[in-house]
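Visitor: Given next are the chains, with one letter for each unit.
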Amino acid sequence: MHPHISTFYLASVRVRAAELLPWIVALAAFFLFPDFLSLGARILIYILLVLSLDLVIGYAGIVTLGHAAFFGIGAYTAGILSAHFGIKDPLLQLAAAGTVACLVGFGTGLYVLRTSGLTLIMLTLAISALCLEVANKATSWTGGADGLSGVTIAPILGYFRFDLWGKTAYLYSLAVLFVVWWLVRTLLNSPFGASLAGIRDNRTRMEGIGALVNRRLVQVYSISAGIAGLAGALLTQTNQFVGLNALGFELSGEILVMLVLGGVGRLYGAFIGTAAYLIAQDQLAKKFPEDWYLGVGILLVGVTMFARGGLLGALDSLTARLRRALKL
Amino acid sequence: MHKHPALIGLMFTAVWLATSAPASAQTVKLGVVTTLTGSNSLLGEHMDKAIRLYMEMHKSDLPPGVNVQVITRDDGGPSPDKSKQLAQELIVREKIDILTGIVWSPNGAAIAPLATEAKIPTVLMQAGASANVTMSPYFVRFSFGTWSAPYYMGAYAAKHYKKVYIAVSDYAPGADSEAAFEKAFKEGNSDGTIVGRVRMPLATADFVPFLQRARDANPEAIFVFVPAGKLGASIMKAFGDLGLDKAGIKLIGTGDITADEELPTMGNTPLGVITVSHYSGNGDRPANKAFYAAWKKAYGENSIPSFTAVHAWDAMGGIYHAIREQKGKLDPDRTIELLRNYKTDDSPRGPIAIDPRTRDIRQNEYLREVKSVDGKLVNVELEVVGKMVVDPWVEANTK
Numbered sequence: 001m002h003p004h005i006s007t008f009y010l011a012s013v014r015v016r017a018a019e020l021l022p023w024i025v026a027l028a029a030f031f032l033f034p035d036f037l038s039l040g041a042r043i044l045i046y047i048l049l050v051l052s053l054d055l056v057i058g059y060a061g062i063v064t065l066g067h068a069a070f071f072g073i074g075a076y077t078a079g080i081l082s083a084h085f086g087i088k089d090p091l092l093q094l095a096a097a098g099t100v101a102c103l104v105g106f107g108t109g110l111y112v113l114r115t116s117g118l119t120l121i122m123l124t125l126a127i128s129a130l131c132l133e134v135a136n137k138a139t140s141w142t143g144g145a146d147g148l149s150g151v152t153i154a155p156i157l158g159y160f161r162f163d164l165w166g167k168t169a170y171l172y173s174l175a176v177l178f179v180v181w182w183l184v185r186t187l188l189n190s191p192f193g194a195s196l197a198g199i200r201d202n203r204t205r206m207e208g209i210g211a212l213v214n215r216r217l218v219q220v221y222s223i224s225a226g227i228a229g230l231a232g233a234l235l236t237q238t239n240q241f242v243g244l245n246a247l248g249f250e251l252s253g254e255i256l257v258m259l260v261l262g263g264v265g266r267l268y269g270a271f272i273g274t275a276a277y278l279i280a281q282d283q284l285a286k287k288f289p290e291d292w293y294l295g296v297g298i299l300l301v302g303v304t305m306f307a308r309g310g311l312l313g314a315l316d317s318l319t320a321r322l323r324r325a326l327k328l
Numbered sequence: 001m002h003k004h005p006a007l008i009g010l011m012f013t014a015v016w017l018a019t020s021a022p023a024s025a026q027t028v029k030l031g032v033v034t035t036l037t038g039s040n041s042l043l044g045e046h047m048d049k050a051i052r053l054y055m056e057m058h059k060s061d062l063p064p065g066v067n068v069q070v071i072t073r074d075d076g077g078p079s080p081d082k083s084k085q086l087a088q089e090l091i092v093r094e095k096i097d098i099l100t101g102i103v104w105s106p107n108g109a110a111i112a113p114l115a116t117e118a119k120i121p122t123v124l125m126q127a128g129a130s131a132n133v134t135m136s137p138y139f140v141r142f143s144f145g146t147w148s149a150p151y152y153m154g155a156y157a158a159k160h161y162k163k164v165y166i167a168v169s170d171y172a173p174g175a176d177s178e179a180a181f182e183k184a185f186k187e188g189n190s191d192g193t194i195v196g197r198v199r200m201p202l203a204t205a206d207f208v209p210f211l212q213r214a215r216d217a218n219p220e221a222i223f224v225f226v227p228a229g230k231l232g233a234s235i236m237k238a239f240g241d242l243g244l245d246k247a248g249i250k251l252i253g254t255g256d257i258t259a260d261e262e263l264p265t266m267g268n269t270p271l272g273v274i275t276v277s278h279y280s281g282n283g284d285r286p287a288n289k290a291f292y293a294a295w296k297k298a299y300g301e302n303s304i305p306s307f308t309a310v311h312a313w314d315a316m317g318g319i320y321h322a323i324r325e326q327k328g329k330l331d332p333d334r335t336i337e338l339l340r341n342y343k344t345d346d347s348p349r350g351p352i353a354i355d356p357r358t359r360d361i362r363q364n365e366y367l368r369e370v371k372s373v374d375g376k377l378v379n380v381e382l383e384v385v386g387k388m389v390v391d392p393w394v395e396a397n398t399k
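Residue numbers (this note's numbering), protein chains in the order written: chain C, 1 to 328; chain V, 1 to 399.
Among these hints, one or two may not hold up.
Calculated lysine to aspartate or glutamate pairs in the EDC-like style (CA-CA distance at most 16 Å, straight line) [as the list claims (entries may be wrong)]: (1) 287(C) - 94(V); (2) 286(C) - 35(C); (3) 95(V) - 35(C).
Using C-beta positions, here's what the derived DEER-type ranges look like [said to hold, decoys possible]: (4) 93(V) - 91(C): 22 to 32 Å; (5) 188(V) - 34(C): 52 to 62 Å; (6) 91(C) - 40(V): 35 to 45 Å.
Hints are computed from structural coordinates only; laboratory data are not their basis. In this text, all values refer to a predicted model and were calculated from it rather than measured experimentally. Beta carbons are placed, not taken as given, at the ideal position from N, Cα and C, and that holds for glycine.
With the hints as extra help, turn the sequences into a complete structure.
Guide: Given below as structure tokens:
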């Protein structure tokens, strides 16, 4: 087994028991920590975003620093639909946000994915900066630096209102995450997923055997953008507000940190990394409101030094060592 | 000890339990959402320091048996989703009675629906975007509105200059300042002309090209708005380098370009710069002198309080008033009623009052000039150009 690529997580089409763990934990948290649901909803939304990032970085090898652009586009799509067009149905907004982000991903992907390496990073960065500036300038649509307020969201399916305690927001985000996870998992287990891994590991050879490399990359990039857009819409709906930071460069960097922390290209790295990062941040910030960044920094240094594949990578090598020990 | 991690955990728990004060029935919980980390943490730090200083100095002002517990959360900068989450937790988990702090307008806007739904009186200590205070009936603002200072600067400029150039930072408060200045300028003098205008990128620190363009338009004065902080010094540098003062062009603006705490870094260029603001550290009032002395005693001779510190100080005055009147048992609607009718003549900025209709602050806007006093540059108040005024935008747009 290649050390940095883990096929373990996708070896079986059937869902293994361990893969149900995140969902059991998420449901248990709903009942065990009723006071933490708004943090919980935020974690679920960021997991969705980081999952979309893992799809491009971990599985297709597209290194991007501009993924927040699609998140922001989704967030603003949902917000603008509500504030300017009176479309307040959350599921309709979700569909629209995913579609718009997917289309923008397709449009920009056609162009930027012809490049690779540093050029690609710079181009994704540039696109995200452009989106930020457009949102900053188009104040009549986006509210500019003041943010887009006046976003109201109708109850889900006409029944479930977004409540103060974040119960609806939590379960709703969980449901969306579950559906997307299922789709992504299925996608990665398909021949399409296999061809992505092939492109990531040896692009030249994939071209040699006649794979449509560029087309595959644009496809996965668009899908990933669409998922990021869904996450953005969820953020808008649970906050009833959109700010410029949804498009910011800082966010693109932060989600990359979460992914690295959890483990790249492992599907569940997004779950564990995001949850660990946001919970650590939340707890440290409450104990040490002025110095909590130091704690987050130490955590990251620790992970990069001692657990190269992130938290999941550490777990992998631990189980591998355990197996070897047991065989002896 | 190594064998007993549980024991260590137990010890920590015991220490934690011992240090966290037991909440009695008479504890008023004050939630503070502010910015203590990131590149823009100065205003949040001043907010935090002013809150602590006020509480330290006004312990005896609380009714017997009542104490105030402050729970501070860091939002890390303009991040609406995070501030909303923090506010939500403060409300549902910590069961706070009053929410306050809030440096950034977008963060305030995100919290507004929450304050309305949960009926949490929210006292804004900054959040200057004019519209912010209108967003929830449970919002009360003790800082200022963005429209105010440029509006009264415009009214003053109309009387003294015929040709003015406008240079503002390219973001929402910049656009507001431009609109407010221009409105008052045109109202005050129909012959006055805006000879040119430019929006300067927020990220730039080199203002020479922009001020050069302004100079080429040959105005009598340049009105400048940039966000409070380091950019004021950059403006001064460009102004001095281009020799605009020697060319007889006057620099005017809101207090943000000559912020008290930044003046020591600006050299002598700011001498003679005219600005409008609601607070000057040099303001010659007993309440201000007392505040200044207390601040310096607590935080060091070189620490200069920003206007945000004064907003927080005054907001605490309002909050303590509401606590006293209700003897520590707070009812949200009664608290708002008390706050919206709050007034005092003893603020460091002079007399202030909350306007009952808009829940925004009513205060003096002072015309100031940068002068050298005892070898230090300070903003000297010349006259009151807006007497006990509410932000004009809020005044016009509140139903």
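Visitor: Work down the list of hints and note, for each, if the structure agrees.
Guide: Against the structure, the hints come out as follows:
no.: 1; hint: 287(C) - 94(V); result: holds, 14 Å
no.: 2; hint: 286(C) - 35(C); result: holds, 15 Å
no.: 3; hint: 95(V) - 35(C); result: holds, 11 Å
no.: 4; hint: 93(V) - 91(C): 22 to 32 Å; result: holds, 30 Å
no.: 5; hint: 188(V) - 34(C): 52 to 62 Å; result: holds, 58 Å
no.: 6; hint: 91(C) - 40(V): 35 to 45 Å; result: holds, 37 Å
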